[in-house]
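Colleague: If you want the building blocks of each chain, they are given just below.
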Amino acid sequence: MNKAAITAKNLSHSFGENIVLKNVSFHVPRGDFFIIIGPNGSGKTTLMKIISGILKPQNGQLKILNRSIDQYHRKALARTIAFVPQMNFVDFPFTVTEIVLMGRSPYLGMLGLEEDNDLEIAHQAIAFTDLENLAHRKLDQLSGGEQQRVFIARAICQEPDIILLDEPTASLDLAYQVRIMDLMEQLKTEKGISVVMVSHDVNLAAMYADHLLLLHNGQVLCQGLPDEVITYQTLETAYGCTLLVDESPLGKSPRVTLVPRKYSIRE
Amino acid sequence: MIIFRYITVVFVIAILPLILLEPIAAAKTVTDQLGRRVTVPNEPQRVVSLAPSITEIAFALDQGHRLQGVTTYSDFPPEALKLPKVGSYVHLDLEKIVALKPDLCIAIKDGNPRVIAQRLESLKIPVYVVHPNNLETIMKTVLEIGTLLNAKDQASHLVKNMDLRIQRVKSLVAKATHRPRVFFQIGVSPIVSVGTHTFIHELIVIAGGTNLASGSISYPRFSREKVLAFSPEIIIITSMARKTIFEKVKAEWEKWPNMPAVRNQRIYVEDSNFFDRPTPRLVDGLELLLRLIHPELVEKIQ
Amino acid sequence: MNTKTPHIIKRVVTASSFLILLLGFAIVLGISMGSTDSGIKDIFQNLLGTKEPDSMLYTIIWQIRFPRVLLAALVGAALSLGGLVFQALLRNPLAEPYILGISGGSAIGAIIGILAGLSRFPGVTLTAFTGSIATLLLILAMSSGQTILKKDALLLSGVMVNAFCAAVIMFLVSITQDSRLHNIIFWLMGDLSLGDMKHVGILAATLLPCFFLVFWLSNPMNLLLMGKEMAQTLGVNIKAVTFTLLVATSFMVSATVSYCGLVGFVGLVMPHMLRLVFGPDHRVLVPACIFGGGTYMIFCDLVARTFSKQGEMPVGVITAMIGAPLFIYLLKRSSR
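As they're listed, the protein sequences go chains A, B and C.
Using my numbering, the letters of the first sequence map in sequence onto residues 5 to 271.
Using my numbering, the letters of the second sequence map in sequence onto residues 6 to 307.
Using my numbering, the letters of the third sequence map in sequence onto residues -7 to 328.
The hints are simulated quantities; they were obtained by calculation from the structure and are not laboratory data.
Dumping the calculated DSS-like pairs for lysine-lysine here, alpha-carbon to alpha-carbon at most 30 Å:
no.	chain 1	residue 1	chain 2	residue 2
1	A	Lys53	C	Lys231
2	C	Lys324	A	Lys142
3	B	Lys106	C	Lys190
4	A	Lys79	C	Lys231
5	C	Lys231	A	Lys142
6	A	Lys13	C	Lys231
7	A	Lys7	A	Lys195
8	B	Lys114	C	Lys190
This is chain A alone, in the form it adopts within the complex (with noise of 0.2 Å):
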């Protein structure tokens, strides 16, 4: 009985004049690794955006854990669903443990008053993120792979049963790249999180995803394993480049190459 995290049906939304999703419909198994690729302007942010609440769809339903996301409220959507931005600019001199401490509020009251508990649950989140010698340092000191593990362990401080990311390896390091994804892997076979990403880079999502919704144009081109939706008809589709794609030498998932003009063997 392999209960559904996400079930979406027929989701569309539009900015003005702009559609930006078109009847997207797609299922997150439980405890899945779940990716979403696709080029700029295919509708991956709306899609987040949508799906971790912030924006209301104006068309479709979506339904979190078998219920309506509508049905939650909103501090009970905040313990269900953990967000991860990309990139947070923030201006003011917090520290790592007083961030990772925030992600408690969805317990707490108004004042957010945390006890032992809570900090050591997020004791916990900041050893599992390998943060425990920066848990004294602020925010602006860290270096973009490591605020980006602050905001996984302020997530894993939710205590969610769906963590959604945003696109979390644009502008890492190649070291924090893996790392960050072996880390969701981490979260998945350890604490069993269903994991829901945005991605830019195939070849990663390739190897890490359970389960793949390739976008293109606000609507679904193409979703399933990732043997069958990275094959170099879709992604030529959706890229509108050439492609190559053949089978990664660790031999476990597909690898896209892209093709330089000089390398073209085609007419």
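Following the hints, position chains B and C against chain A.
Modeller: Quick look at chains B and C alone, frame taken from chain A:
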């Protein structure tokens, strides 16, 4: 003997009322110029004046010794400069006033913040407010201050003198054949003159001139063009600045030799203290204006 | 060890206690000094009642200085808190309490009241307050086309309205020639000299609920700094919180300005200074601004009263003269 006893009884009966009534009569209730009923002491010894004009009047009545404190710009007569200062008349220092332990404060309606009067009264300090806005009310103010400071005789004497001089000017002016056009300039940059509801306007009229800036705005501003269009016969400039400024201002007007005032060399600078304070010196100002506007009348009596 | 006491409470209590002590000291200092010289010894004897009560000194201390010191404390608290809230709401460290047109609107209201010959209390106070609220409504209407949540819309509207009001103020000042000009200038520079205990009471009754409301929303303010959308995913009702903070703070600052004119630099500098000492958590900063801001204002007012032998200076001059260099110093500190 019986006659001694009789004398004693009469004496006691005569003295008794004086003994009994004296402490009760140490204060009296009067009505000030705003219609407020104020209880003031009969013999005020610690008076604080809340405006320079009030300080002047107090000294003019020879009652300067009663003053314990004055405002910052109370500069006339020179003896006033020695008195402790309680702030400027638009921004009074409550603490300084109270520290002087006044038994009476005299305030002026235009300028003193109403709030200060209220606060002083809530601290049990009587505040008498005057409102002199023309020659008549100035004389009334002198009389009332005279009553307050136990100088009724000096006050009526002073007022009689003022009135006499004013009447003399009026009778002289009655013989005048022409009312010259006067532009009275109180502001140099921008050019500001005086409207109908000012002391100066009243003085100009009594002194036999026509105030070119008369109107409902008390301190109207003019462009140089506008003044030229008036074609003033006399320009009087008052300023608190030094002589050098006057030369500059005069030179500005002399650029327009077609103006009667320039042609006939009738541009004068005068000390503003004779014109902008509601005090007996305003009569000095009046006589000064007469000399400037109708020199021919003054020479006659000389 | 008591496992039930949240750690944040300890921090709040420690910071607040320290600042309350400082405030108490400032109050004592404030009522001990003034424009008249009295020996400190005399004053303490008077305060402790060990000497024969000198009614003049007693009057000066309790009926003139004490209400003024309390008024300064309230004004400093409200302005500092106002700056703190707007910096959080607009996510801009340069925000200050007058930024949403409050300075322009209240000044025009006050000037109209002064020109109409109204008495300072309640006339000018009411016209200033009305002007301030009217401007706020204007700005809300102007930026409601874009959502209230778009911080730049609000900020820009506020700046524009303030600039326009400044022009109107200059015009009004230029056409005033008589003694009312002095009253206007003093109002524009901030003037704490006219209030008595009754006014202190009214202002306190108006401000204290606002203080409590803002404190109650101090954790949501922390979350708002993470970004409006981020705060929403953490469970904050951003529309309600933003609106409540905006209204409560504008009301608080408007009421304060109506009583004492435009005292500048307090709302800009105090939050930064306190943040440097106590950190950015608003649950600590809100009480810190209330007590610390009050202390600072009492101190500035004291300097304004006693510094010059010529007489009292407008307190706005002192807050600017201390505040501006202090702000530059803080800027240098934080950029390191």
